[in-house]
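Enquirer: Single-letter residue listing:
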Amino acid sequence: MTSPFASLQKYAPYVLSIVRIVVAASFFEFGLEKYFDFPGPAHVDMTPIYYVQGVIEIVGGFLLLIGAFTRVVAFILSGDMAVAYFMVYFPRSFFPGQNGGLSALLYCFLFFYLVFAGGGAWSADRAILKQE
Amino acid sequence: MTSLFESWEKWSPQILSVVRIIAALCFLEHGLQKYFGFPSATPPGDALHYVQGVIEIAGGILLALGLFTRPVAFILAGDMAVAYFTQHLPKSFFPALNGGDAAILYCFVFFYIVFVGGGSWSVDRKIMHQG
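If you're matching them up, the sequences are chains F and P in order.
Numbering-wise, the numbering used here comes out as the position in the first sequence, counting from 1, plus 4.
Mapping to the numbering used here: the second sequence position 43 is 26, numbers consecutive.
Be aware that one or more of the hints could be misleading.
Claimed, not checked - No more than 27 Å apart at the CA atoms, straight line, and that leaves these computed lysine-lysine pairs for DSS-like:
1. P/Lys(-7) with F/Lys134
2. P/Lys(-7) with P/Lys74
3. F/Lys14 with F/Lys134
4. P/Lys109 with F/Lys14
5. F/Lys14 with P/Lys(-7)
What the hints assert, rightly or not - Quick list of the computed label-pair ranges, beta carbon to beta carbon:
6. P/Phe21 with F/Phe66: 34 to 44 Å
7. F/Ile132 with P/Ala30: 21 to 31 Å
8. F/Val76 with P/Val37: 24 to 34 Å
None of these hints come from the bench; they were simulated from the model.
We treat Cβ as the ideally placed atom computed from N, Cα and C, and that holds for glycine.
Based on the sequences and whatever the hints tell you, model everything.
Expert: Here you go:
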């Protein structure tokens, strides 16, 4: 059962780019909500820290979407989501299924992985900036 | 700065295992809520709800261990895709509005694991001697 899947390994860099794009687009969306009320109004009361967070989401999400400076950006976003998790969600409950921080946790670890793995086959880093 | 991070590339199989374990434990948690009310009970659902609970518990445990990682991840990625299209997409196209944000993230993480395997720290690698 495993061997037909193991032969898929050669496509992993392409799938990594797809994952990066989907995750970044989804992250970007939260920034758009905060600043432009698109696609819907922001989920939070817009205290000043959320305007800062909105900038991180829009700029970071966009750079990660196109795969420019992937590792550096992913490092910042991973830390950002870790702070969000411990500031906002963790005090409510230890369990991500209860504290509402499930997405933040998944974002955090996905971004953390991108720091190490890079942006994959399809990225501005590789296509234009000629770096990994 | 970028070159510093590039030198970390060699650790990516280990980090992949960490990501796999975290995602699997979170996924397992949803199943435990459905069947055991731990860490908190979810409202009772229809038969499909309990089938999903079995997928979450069995799949979550196997993936956390890294046992049969790729076939299991394949099933779970499909499972989350179905969940997204049947439960979340009808509410809105946008993941921030339809509540399916986590389902998308799970779906794509699992899908990536189908291709890349369970990473350095997995039962597949340590005991079964396969990737």
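Enquirer: Determine for every hint whether it applies to the structure shown.
Expert: Status of each hint after checking the structure:
Pair hint P/Lys(-7) plus F/Lys134 holds up; C-alpha atoms about 20 Å apart against a cutoff of 27 Å. As the CA atoms of P/Lys(-7) and P/Lys74 are separated by approximately 42 Å, the hinted pair breaks the 27 Å bound. A distance of roughly 21 Å separates the Cα atoms of F/Lys14 and F/Lys134; the hinted pair therefore holds under the 27 Å criterion. As the CA atoms of P/Lys109 and F/Lys14 are separated by approximately 22 Å, the hinted pair is consistent with the 27 Å bound.
Under the criterion of a C-alpha separation no larger than 27 Å, the hint pairing F/Lys14 with P/Lys(-7) is consistent with the structure, at around 17 Å. For P/Phe21 and F/Phe66, the Cβ-Cβ distance of about 40 Å falls inside the hinted range of 34 to 44 Å, so the restraint holds. Checked against the given bound of 21 to 31 Å, the beta carbons of F/Ile132 and P/Ala30, roughly 51 Å apart, lie outside it. With their beta carbons about 42 Å apart, F/Val76 and P/Val37 fall outside the hinted range of 24 to 34 Å.
Checked against the numbered hints listed earlier, the structure breaks hints 2, 7, 8; every other hint is satisfied.
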